[in-house]
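Put the two chains together into one complex; each comes in its own frame, and the hints tell you how they fit.
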Amino acid sequence: MREKILTFIEKNSRIDLKELAIILGVDEAAVMNELEAMEEEHIICGYPTLIDWDKAGIEKVTALIEVRVTPQRDMGFDKVAEHIYRYPEVNSVYLISGGFDFMVTIEGKTLREVSQFVSDKLSTVDTVLSTKTNFILKKYKDHGTVMAAPVKDERIMMA
Amino acid sequence: MRDPLSKVIKTIQPSGIRKFFDIVSEMPDAISLGVGEPDFDTPWNIRDEGIHSLEMGKTFYTSNAGLKELKIEIGRFLERRYQLQYDYDKEILVTVGGSEAIDIAMRSMLDPGDEVLIPQPSYVSYVPCAILANGKPIMIELKAENEFRLTAGQLEAAITPRTKLLVLPYPNNPTGAVMEKKDLEAVAEIVRKYDLFVLSDEIYSELTYLEHHTSIASLPGMRERTIVINGFSKAHAMTGWRLGYACGPEAIINQMTKIHQFAIMCAPTTSQYAAVVAMRDCDKDVASMRAEYNVRRKYLLHRFREMGLDCFEPFGAFYVFPCIREFGMTSDEFATDLLKAKKVAVVPGTAFGESGEGFIRISYAYSLDALRVALSRIEEYITQLRNSG
Numbered sequence: 030m031r032e033k034i035l036t037f038i039e040k041n042s043r044i045d046l047k048e049l050a051i052i053l054g055v056d057e058a059a060v061m062n063e064l065e066a067m068e069e070e071h072i073i074c075g076y077p078t079l080i081d082w083d084k085a086g087i088e089k090v091t092a093l094i095e096v097r098v099t100p101q102r103d104m105g106f107d108k109v110a111e112h113i114y115r116y117p118e119v120n121s122v123y124l125i126s127g128g129f130d131f132m133v134t135i136e137g138k139t140l141r142e143v144s145q146f147v148s149d150k151l152s153t154v155d156t157v158l159s160t161k162t163n164f165i166l167k168k169y170k171d172h173g174t175v176m177a178a179p180v181k182d183e184r185i186m187m188a
Numbered sequence: 011m012r013d014p015l016s017k018v019i020k021t022i023q024p025s026g027i028r029k030f031f032d033i034v035s036e037m038p039d040a041i042s043l044g045v046g047e048p049d050f051d052t053p054w055n056i057r058d059e060g061i062h063s064l065e066m067g068k069t070f071y072t073s074n075a076g077l078k079e080l081k082i083e084i085g086r087f088l089e090r091r092y093q094l095q096y097d098y099d100k101e102i103l104v105t106v107g108g109s110e111a112i113d114i115a116m117r118s119m120l121d122p123g124d125e126v127l128i129p130q131p132s133y134v135s136y137v138p139c140a141i142l143a144n145g146k147p148i149m150i151e152l153k154a155e156n157e158f159r160l161t162a163g164q165l166e167a168a169i170t171p172r173t174k175l176l177v178l179p180y181p182n183n184p185t186g187a188v189m190e191k192k193d194l195e196a197v198a199e200i201v202r203k204y205d206l207f208v209l210s211d212e213i214y215s216e217l218t219y220l221e222h223h224t225s226i227a228s229l230p231g232m233r234e235r236t237i238v239i240n241g242f243s244k245a246h247a248m249t250g251w252r253l254g255y256a257c258g259p260e261a262i263i264n265q266m267t268k269i270h271q272f273a274i275m276c277a278p279t280t281s282q283y284a285a286v287v288a289m290r291d292c293d294k295d296v297a298s299m300r301a302e303y304n305v306r307r308k309y310l311l312h313r314f315r316e317m318g319l320d321c322f323e324p325f326g327a328f329y330v331f332p333c334i335r336e337f338g339m340t341s342d343e344f345a346t347d348l349l350k351a352k353k354v355a356v357v358p359g360t361a362f363g364e365s366g367e368g369f370i371r372i373s374y375a376y377s378l379d380a381l382r383v384a385l386s387r388i389e390e391y392i393t394q395l396r397n398s399g
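The listed protein sequences correspond, in order, to chains F and G. Going by the numbering used here, the final residue of the first sequence carries number 188, and the count climbs one at a time with no gaps. Going by the numbering used here, the final residue of the second sequence carries number 399, and the count climbs one at a time with no gaps.
No lab work stands behind these hints: they were computed from the structure. Cβ atoms here follow ideal geometry from the backbone N, Cα and C, with glycine treated the same way. Take these hints with a grain of salt, some might be off.
Said to hold, decoys possible - Simulated restraints on C-beta separations: (1) G:Asn55 to F:Glu65: 38 to 48 Å; (2) G:Leu220 to F:Lys40: 22 to 32 Å; (3) F:Gly127 to G:Met66: 47 to 57 Å; (4) F:Gly127 to G:Asp97: 44 to 54 Å.
To be verified - Quick partial rundown of chain F residues pointing at chain G, CB under 8 Å, derived from the structure: (5) Ile51; (6) Gly54; (7) Val55; (8) Ala66; (9) Lys181; (10) Ile185; (11) Met187.
Next up, chain G with everything else stripped away, as it sits in the complex (with noise of 0.2 Å):
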């Protein structure tokens, strides 16, 4: 029988998180700092829309592109927010998360051989996303001395007469470093004269804690080539909801809308009428939860210090990213044996990209209990390290 597989897709790696995910299932009584998703409930107001909209029996398909009332409402949101304006009927489209709004944004910009710059450490979607759309991924190296920023001189070493689109994933996972305006400025610059495209994944923007979040596409001739991705997932708790939108010049997403036309249909119907609430109403619930995570990232920055573990502080999403080379392990190393001498689950940095070497990923998606006990193991650990080194 001839092999099912084509060869593209036998080339991509499969997650670097998968493997530890595999190790930490079989410690039940693990403590875990590695999950990904808001450790909230989806505000009641929004589950009870989307139950009321069950109720109702609105369980058929809606439009492709989304519905109405949710696509004027992710308009205003991007107004009030970021001072982003889009038509909601040709300049927006409602997604299946974020994550699918990567897929088809790569799938209709990349022919064959054109390269794409992905900054790292990352997420874990854009390379084989960019791979499986025809693409060639460019990584770019980010630097701790730049809180993990793109800075403009690193951009325009990487760009080659191929080059056609920039990934630019701020706030980032895993770092949890954010770019500000004038980080953005001197990207987009660079942008602009290249004549390249941004995919700019927007997913943490409502969680960050120095400045207000801006969008590059907010800058002077970014709009027309930017797509602006975002959703619900960490800003609304809504990580099951499967919900996200893209936003960028008609001609784009209308293409996008093609493809996802035939590929999905239409996005959850009642995530959809859930949304609209997310998007009108819940602008306190977000302040109030983006608060909290604030509260435990200033609590672990300060019990890093103590312990004299290096960190960079991180202004955005829930993630920080401390430094262990000072051990002389290696990430994969260190994050095993953490788990093996104290029960501890933490990501090693590699899982997002060579760039992560030496760097560990903790998620503060926990509450202040949770994560003083973890804080307090990992002291443990880390001390014993350090006597007998």
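If we strip away everything but chain F, and leave its shape as in the complex, we get (with noise of 0.2 Å):
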């Protein structure tokens, strides 16, 4: 049960709990208990909310940044990763496979803000080996959301 309630919530955190318990076949004090296990087990992590800034007309930059690194003895990855997620202008750190170790993205109000961010505070520490920065010009889909157009109904209405 818990797979097919991550699969709804994941897509929709806002679905009325009532319909999910209907949808999955339970009843909903059941829904509710596996809900508030998971998330005191750190499964479910947070209800983010997926927002289109630019629709909203305020402005917002997002950066992908590929970083190098040499993990420190007794150290490895993790305490460098640490150091970068500190900072609240960090939305997310990855470690990745290919020719760079992390992948970090950035969020600021301007092009400026964040190439700031980048030179005086990310290739600044100690481990840091390069950056290479690439700006996100457009999001089309984004968390299994299309963000552009919505997608019209063409079937013949009455068949």
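See the structure below:
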């Protein structure tokens, strides 16, 4: 049941508990208990909201930064990651395979703000060897949701 | 100038759905719950194979009866899913949708005056196809108290010395009804007793939510007298690809192939190549669509119960068939009024036969979000009716 609950709320965290219970064919209390348990266990880590800031007319810039580091002796990557993720401007830190070690996303009000953060705070970290900054120009799809214009139903209405 | 039209064609009634379609089209902001096709796109791997076949230049006719590879996969699919065994070479015909298969099956099997038993409410094509094939359609009125399943008693009561063919459309459009194995066994007994033939339209066979679908052709003594019709439209969301198939005894399939040869040549080649992937590799995709439909089905039924709208639980296809008799209007009146008042379009049950009077068909080939909105409008409407009534 956990997997089913998670699959539903991943796309729609605001789903009515009653509706979820109907869909799963269990009673509401059971769903609520599962949700609480998963929150405690940090399986469910939060319920952020997906926002199209452009449409809201509020300026936000997001950058995807590839970071190469030398992991310190006895520290490995975890300590370096922690150093980076403690900054509130940092939205996400991933350890990735391939040419670079970390993929970091940073959000700021302007291009300049983000670039400044990278040069002042990120590149200066001891263990950081090099960074490559990519700015997101347009979000087409995010977290499984298409941000572009809604798809029109083209089917014959009565058949 | 003479009348160019045949007498027969003029006797055939236009589709009851058509009238509503015209009205609904005038209201672009109406929510329609009247579609008859899946809201899913054809699974990507199927589309990819279709595209690939075009890139490879596979644009010629295939054999009349269909691509060999496809027929083999159809055979395997039917065996795997329904324990049906058909010789791909002699007993399977690939058609332009289940629609063509219905048409040519009747044309192959009916002589003037032969009676065709058609349970209703059911899909609009059976009656016109029977008439065009010189058959005489005899309607059997299915009943809500039987969950719109065909009973042996009803069947036997409709049989005359001229009865030749029984159309068995399950899982059913518009009611969503299914025939479980025990129901089919009862019908099969009568079919065998009176030496009838069965046209089993199983196009919704992959969309069942209670028991796994049973084909009447898998029952003893039925294979030799049944034409099984199925396809890719509903299960694999391939409505626009126009592809289906018929399976049955060689003698009948042979003759159907003959008509198909003359009238169609072969089913669309691109669709056939794509369908090989559908048969071979898509059980999982179908299962996930089925699971999604089931979620919506349960949601709809729960909401009907909350609203106090009378509806039996359908276990097949993607339709529900609630009863609206309590409001003292005909299906037509109810549907028209609902559309005017709340801009929600449903299909009046009478579009599927007189026995659909007092019912409406609601399709759940829509997202939960869309259904939620439509249902709350329907709830508002019936609350108003109850308060003013």
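- Item | Whether the CB-CB distance between Gly127 of chain F and Met66 of chain G falls inside 47 to 57 Å | The hinted range 47 to 57 Å is violated for Gly127 of chain F and Met66 of chain G, with Cβ atoms some 34 Å apart.
- Task: Mind checking the hinted window 44 to 54 Å against the Cβ distance between Gly127 of chain F and Asp97 of chain G?
- Result: At roughly 53 Å between Cβ atoms, Asp97 of chain G and Gly127 of chain F fall inside 44 to 54 Å, so the hint holds.
- Proposed interface contact between Ile185 of chain F and chain G, which counts if any beta carbon pair is under 8 Å: For Ile185 of chain F, the interface hint holds, since the closest Cβ of chain G sits about 7 Å away, which is under 8 Å.
- Query: With 8 Å as the cut and Cβ atoms as the points, is Met187 of chain F at the interface with chain G?
  - Reply: holds, 4 Å
- Query: Against chain G, is Val55 of chain F within 8 Å by beta-carbon distance?
  - Reply: violated, 12 Å
- Query: For the hint on Lys181 of chain F, does the least C-beta distance to chain G fall short of 8 Å?
  - Reply: violated, 11 Å
- Query: Could one say that the CB atoms of Asn55 of chain G and Glu65 of chain F fall in the range 38 to 48 Å?
  - Reply: Check passed, 40 Å falls within 38 to 48 Å.
- Query: Against chain G, with CB atoms and a cut of 8 Å, does the hint on Ile51 of chain F hold up?
  - Reply: Interface hint status for Ile51 of chain F: holds (5 Å vs cutoff 8 Å).
- Item | Hint check: 8 Å Cβ-Cβ cutoff, Gly54 of chain F to chain G | holds, 7 Å
- Item | chain G contact restraint on Ala66 of chain F - CB to CB distance below 8 Å | violated, 23 Å
- Item | Consistency of beta-carbon spacing, Lys40 of chain F to Leu220 of chain G, with hint 22 to 32 Å | holds, 27 Å
Consistency with the previously given hints fails for numbers 3, 7, 8, 9, ordered from lowest to highest.
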